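Participant: The primary structure of each chain is shown beneath.
Number of protein chains: 6
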Amino acid sequence: MSRRYVAQYGHQESVNEVFRATEKQLRPNRNGNLYLQVELSDRSGSISARMWNANDAVYKSFDNGDFVRVEGNTQLFQGAMQLIATRITPVDAKEVNDEEFTPLPAVEVDRLVKRLGEILRGMADPHLRTLAECFLVDDRFMSRFSRAPAGVKHHHAYHGGLLEHVVNLMEVASRVAPCYPQIDRDLLVTGAFLHDMGKIDELSYDREFAYTDEGQLIGHLVMAVSLLERKVQEAEKLAGEPIPVEKVLRLKHMIVSHHGRYEFGSPKLPMTIEAIALYCLDNLDAQVFFFQQQMRDDPNVGSPWTGYNANLGRKLYKGGGEGNEEG
Amino acid sequence: MSRRYVAQYGHQESVNEVFRATEKQLRPNRNGNLYLQVELSDRSGSISARMWNANDAVYKSFDNGDFVRVEGNTQLFQGAMQLIATRITPVDAKEVNDEEFTPLPAVEVDRLVKRLGEILRGMADPHLRTLAECFLVDDRFMSRFSRAPAGVKHHHAYHGGLLEHVVNLMEVASRVAPCYPQIDRDLLVTGAFLHDMGKIDELSYDREFAYTDEGQLIGHLVMAVSLLERKVQEAEKLAGEPIPVEKVLRLKHMIVSHHGRYEFGSPKLPMTIEAIALYCLDNLDAQVFFFQQQMRDDPNVGSPWTGYNANLGRKLYKGGGEGNEEG
Amino acid sequence: MSRRYVAQYGHQESVNEVFRATEKQLRPNRNGNLYLQVELSDRSGSISARMWNANDAVYKSFDNGDFVRVEGNTQLFQGAMQLIATRITPVDAKEVNDEEFTPLPAVEVDRLVKRLGEILRGMADPHLRTLAECFLVDDRFMSRFSRAPAGVKHHHAYHGGLLEHVVNLMEVASRVAPCYPQIDRDLLVTGAFLHDMGKIDELSYDREFAYTDEGQLIGHLVMAVSLLERKVQEAEKLAGEPIPVEKVLRLKHMIVSHHGRYEFGSPKLPMTIEAIALYCLDNLDAQVFFFQQQMRDDPNVGSPWTGYNANLGRKLYKGGGEGNEEG
Amino acid sequence: MSRRYVAQYGHQESVNEVFRATEKQLRPNRNGNLYLQVELSDRSGSISARMWNANDAVYKSFDNGDFVRVEGNTQLFQGAMQLIATRITPVDAKEVNDEEFTPLPAVEVDRLVKRLGEILRGMADPHLRTLAECFLVDDRFMSRFSRAPAGVKHHHAYHGGLLEHVVNLMEVASRVAPCYPQIDRDLLVTGAFLHDMGKIDELSYDREFAYTDEGQLIGHLVMAVSLLERKVQEAEKLAGEPIPVEKVLRLKHMIVSHHGRYEFGSPKLPMTIEAIALYCLDNLDAQVFFFQQQMRDDPNVGSPWTGYNANLGRKLYKGGGEGNEEG
Amino acid sequence: MSRRYVAQYGHQESVNEVFRATEKQLRPNRNGNLYLQVELSDRSGSISARMWNANDAVYKSFDNGDFVRVEGNTQLFQGAMQLIATRITPVDAKEVNDEEFTPLPAVEVDRLVKRLGEILRGMADPHLRTLAECFLVDDRFMSRFSRAPAGVKHHHAYHGGLLEHVVNLMEVASRVAPCYPQIDRDLLVTGAFLHDMGKIDELSYDREFAYTDEGQLIGHLVMAVSLLERKVQEAEKLAGEPIPVEKVLRLKHMIVSHHGRYEFGSPKLPMTIEAIALYCLDNLDAQVFFFQQQMRDDPNVGSPWTGYNANLGRKLYKGGGEGNEEG
Amino acid sequence: MSRRYVAQYGHQESVNEVFRATEKQLRPNRNGNLYLQVELSDRSGSISARMWNANDAVYKSFDNGDFVRVEGNTQLFQGAMQLIATRITPVDAKEVNDEEFTPLPAVEVDRLVKRLGEILRGMADPHLRTLAECFLVDDRFMSRFSRAPAGVKHHHAYHGGLLEHVVNLMEVASRVAPCYPQIDRDLLVTGAFLHDMGKIDELSYDREFAYTDEGQLIGHLVMAVSLLERKVQEAEKLAGEPIPVEKVLRLKHMIVSHHGRYEFGSPKLPMTIEAIALYCLDNLDAQVFFFQQQMRDDPNVGSPWTGYNANLGRKLYKGGGEGNEEG
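Chains as they are written, first to last, in our numbering: chain Y, 60 to 386; chain Z, 60 to 386; chain H, 60 to 386; chain E, 60 to 386; chain D, 60 to 386; chain A, 60 to 386.
It is possible that some hints are incorrect.
If chains are identical, the list can't say which one is meant, so a pair holds when it fits in one copy or spans any two.
[Said to hold, decoys possible] Calculated cross-link-like contacts (lysine-lysine; reagent style DSS-like; alpha-carbon spacing at most 25 Å):
#: 1; residue 1: LYS374; residue 2: LYS212
#: 2; residue 1: LYS212; residue 2: LYS377
#: 3; residue 1: LYS173; residue 2: LYS290
#: 4; residue 1: LYS153; residue 2: LYS119
Worth flagging that the hints you see were computed from the coordinates, not collected in a lab. Being a predicted model, the structure only gives us computed values, none of them experimental.
Just chain Y, same shape as in the assembly (with noise of 0.2 Å):
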């Protein structure tokens, strides 16, 4: 029997299910008394919890990242859902489902590997071609590839966010490029497969998403360049040539330059075509996705609007308002 996923929780639903549990912590309330509040996911997002009247048992019975069952009601506060808890178990994680923790399942990541490689290995361009092919056959690399998230937050925040997002903007790119003559296709291609693909090491993704001190410090598009110089050697060994440096120097470029501007964190302005193209589609992207995520996940299901989001700076119009009061 399917279970019933975070995303669908209503308020005032009574809850006995199995989570993903992480960010513990054992707080006082203002009185004074201890309370538990952990973080519950499963593939479909996330839920807070509080356990009221805690102790020091209960919080050291688990550890971030365990699975564990939790009996509670859900309610609405303060615009968010959230869980009281009256029971919290540790699961072993041999007994739980893997699909259901994975947002995208197995078969999903495979289809997408897949893809991937069809893409890529369709390129006309030699060099490229060669050098993707690297990429393909380092196990290493498509392990932490199609398992990263794209982000911490929002962004395709799950184990293979960040395959999903690349392989979505190479479908895209590979659409969009015969409209344009001037676009090297294969490129183009190129560039959306590798310009986030510091993120691997940028993040850490094993048990709970953060950044790493490097990725905090140095960040994903510097990190991307040294692994794109690696790669560059592997591949004029394989090849017995040197791949062409304006050619190198162009996909260098458009992963420096994705952000699209200084405000964003690009340390140079896209200045080739496919450059600012690979940061027109990944902004298209990034955008679709975040509006299509806002109004699908938000909490005031009888409103034709969003909350006010302050990232963006506006509501957002999900639909089915009668067009005006006087309509």
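Position chains Z, H, E, D and A relative to chain Y; hints supplied.
Facilitator: The following block gives chains Z, H, E, D and A in isolation, referenced to the frame of chain Y:
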């Protein structure tokens, strides 16, 4: 025999050709002598011409918008090509080959108009299809829509430029929409069709390209909303039933928000999936077009870099450099 | 006997009074118990109320917009006054003294409407006078225009607020215009009349104040242009002659540019004398009104300073300090 | 017989007139020949003049600030009117009609000074009246205050310009204050009087208009505070009692905050009702004055639009267009 | 026996200690019960305390600024340490060890004052030395200058903080000046001495730290210029000869421009070598001080990163991380 | 006999001297005649030269980067000094005194290299000392590092400029570090050494100063990280033990964050004490250097003010004014 076009001129060529003349002025130089300055254009672009020691007779021998035959020599002056004219004589419009002055030859315009109809009539949404039909059968509208430029300067600034930009954007929108399940393809495509239509009255383009007073004071975003309101009434009469209020609101919203940011003159920020997608794709199309144009028209022929573009805040890389000096 | 108004409440007063109720919510506290939260207002302002240990029966006993009698006690909580209710009972609207709930008593609204007519009918320009007449005799328009607030929050956010703001601005415009010979007084006064009229449909204000979907998606600037276009047609029919195109353009321009800067949602910057004057005077009126309101409503009664206002980026000086500590 | 003024010059007029000369320079042209460039002004404005093939003798025949008789011809060069001089001879200041060189004729200055006294002496607040009196009876102050320009360029840049700006602003303040019950009219009027007075020493204007070193390094806001401190001491001595510390603080605050925003050089933002009103009204006066000036002086006589003004980021609409091309 | 200081508190310590009390408030909680909130400080910093179920008697038993003995327990609440007090009793100031409440012990203040005198009296420039002497011998000035904090919050916010910041900046200035031949060392050092002196009256710091009305309305930049003007008069009287006007201008300029940018409240940008150097060094000192403080006081003791600081727009790296997750 | 240097030229001097020639162009004037334009430089700076009525023969007689003897006359044209050449003849490089073309004479470069070694080898931290050694013994690196300019224009734009800037910054860092106990002096000094080293390949400077393609597309921040990674490997091999990961991270972080703000091209903001100090000191050095240069090279010799500098948004005060006009 094919003519040599303005965009093909090099330094110090001898010229004897027919052009369209605009912006003629009789001006004194620093020493008080008069010279004639005039813009000369063919379908490939325009060039500034000067005729030294000109007099009132030459100045009055033609009007702005007329065709003239010009003899003279080209020269590169302060980074721009100009033409030193020794003789300017008016030419009867009937003797002119129209194709030489229309960047989009009639057959190309016809193809674009046809493609526009195909895409719009191929939509599944009956309301949007009826609405689109009301535009397609409006001869004044279609005539202006297929003649208007997309801008006064730079961006598709030639007859048919608006049509070319819009149809290309509709193609891109059609290709990208399926990659995002939440996007209503027909709504996005209709938005792409309507977003810039206010330009048919914001600009004047019978003889030279300029803003109308209304265009300057009110702007094409607001003007397009008025135009849409009139067409909605027609469509409802035609269909015998109202178009849902919400659908019209969504179209209007796409129009007023398609510049995407307040500082670009949008009175509203995009708040629907289709509005944010339209803004991102319109931006992609404008940026890629502008990069292509800058690289193609850059006069520093020998250099891998264009000149510094103040609007972009950067030079662009045309390619062909050696990678780096050490290389 | 006169009632005690919300704006007069101090800390820990006992209350037994009739209010208009809005934004009612049944919410759980951290311990999972339900309480009722509701906004209570009279003509002087509104106060947030909470009723502990509330249940569904109380929640359903009245609707948003209804009048209710509330018993309870005030208290200052986190810098804001709130009311802890012990009893809430619905009250029949017929038993309520309307004047207690209308910031502008009927007689004041009548005075403002009369003054509006005087100023508009006193204009020398026949076209503008005829146009104004078409608004003045439009009952639906005048009814909404004299009931609409000027905003959802803060700025004249009460029934009649729009009318009060507009008439005051027209007075100021009339007084200032003669100081500048180039200003066309009638044009400026008409612009002051029309600039915000789109708010009659941008906002809903029958029961609670909010944006309509159209208002949120399109905005009152664009909506006012549509409304003006319809009235111009009426005026031309009434007068039997067209209003000069330029005059209409100037009015439209004042409407779309009156926020003065792109980042405030104007799609055009002021480009005429009257448009720049309207923007500056509208800004003056808004700023002075906001300063007065902040100082009057500031809860730090004993201090010469208001609390820090994040929108303004500053505290305001109410006065009565000692000058300086050494003083 | 009345002279023809600089502001009235058209293209290619013959000129033989007396001007005040400033900014003379002997400069080589590109071919190494020397020419004399000099600014010529009368009360209506100034015009740039060039004398070709000039020599040291002409250059030394007059000093900046002297009167000279100039013969020559006008011409429109790169959008600005200039004068090609054929003869320049010095003129004795005694032979010059002073009225022709003073934008504000003596009688107008007298009227403004009288009006200034009326307004200030008509205030009800005894402290402010006494303080104002100390300025009014200070001959050096009044002499400089009625001769100073309001700026070096553009904004009231002529002798008496400061006085004209200030008295007009005081009139506007007097008219507007009664519309806002919280505004202390006398405080606002005194603030309008004092806000720019630092300019009497920030600028030098005996011969040509420029910033003094102190003006450039310290600025008129800070300088005015020092000046006010000295006058407050005088006023307290005169009155035999202190002016309330808070009143002086409010005046100083109006001075240091009257540019309204940090980026315009105000070290403090307006925090009182009168300070915010002063900023808004000063801005109104400056903007309307600047718009009037741009429209009046625009050399594109035949066009409904001024040239593009980079400071404003727009063209201005002078009017007389046809509405739109289709009209 | 040495006391345990606030900055040393960990989670759930038992406390019985004397503090200085400020900002006491009697407040209702959500259930309407009163509690006492009060800030408690010693020389190392301050901690927020709450006493549940407090009454008027406790509230009135001490004044802000008094010393009190507090018993209770610490707890980490929402990322900040707080103290739940069970008992609060007033303490006579005479029984208190002053050193425990002064971040800079008297001996350190003496050392700094002595060092200040050494540096100033060691200058070669006789005018600046005389001017400095006038400050050094002014007891009221020196007393306030050595007691004032450098800010109300964060930045050297303790008695003597201004002195500590200024003397350190003078040290840095002395060391750096020789590296740049164009810098006038004595001028830079005097500027460092004077730049913030307006704070002695901008802030009040007898009992609690706050802005004076004058400080808030006028600001320490403008106030320091007035103070300097008075001292210059004294110095000229003392020396029997004027200080060169230009030297005084340069000092005033350093004061009004030392925030370096308009948006930080400087009415003038630095325009001399010493002014730009002073701005850069003052900024260095403030930034490094703030970084040190953030790292030292960060409550996330176990983490290599501080919490996110909204003012800085970033977290800070305290160190001790493992480099990256892969290690 | 000592030559007269470019920086010493006044108006209308006669010149007969050897220069290095760059940026030669053959250009038409408005009348279509050709002239030669070329930049001429010696160690003190450069001057723009024009030779009228030039022909192809002259143009081809030398290459950019060659030495030429030029005869002609100086003149001040539009605020800049230029040279009207009457004769240009190539000169053999062997006949040229190298010292006249090197702002830093060989002996000064030697002194700076020596000082660089002293500081680096004097560090206490063994890892940083070993790492530094790997740079010091790398001949290619040291050769380029001591020849590279620090910029293409303005900022130390001459051979050895990078070395001079870096060593001066290291001196300043050494002096300032002890004033802040939390700063790790050796880390700061090493960061100062490495921060700009990417410029050795970002710029080309064999003949004329320019950006390499790699420099323009990737930038010296990212390039320096790659370079550092290679040297770390060498150092670890040399030392036979790894440099702690965190130490390398801190160095990389200082490099990528040293522009201090996103808008200046840093992909990361400073997050360590040493990184923020490096940014502030680098900024100090650049600002003071730029102020010194602007004042020294300003052509308005008679004025106490430099011309307006658009980058700085201000004029600079050179001094020697009279204080104020009244003075």
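Participant: For each hint, tell me whether it holds in the structure or not.
Facilitator: Going down the list of hints, with the structure as the test:
no.: 1; hint: LYS374 / LYS212; in the structure: both (19 Å within a copy, 16 Å between copies)
no.: 2; hint: LYS212 / LYS377; in the structure: both (22 Å within a copy, 23 Å between copies)
no.: 3; hint: LYS173 / LYS290; in the structure: within (21 Å within a copy, 39 Å between copies)
no.: 4; hint: LYS153 / LYS119; in the structure: within (20 Å within a copy, 48 Å between copies)
In the structure shown, no violation is registered for any of the earlier numbered hints.
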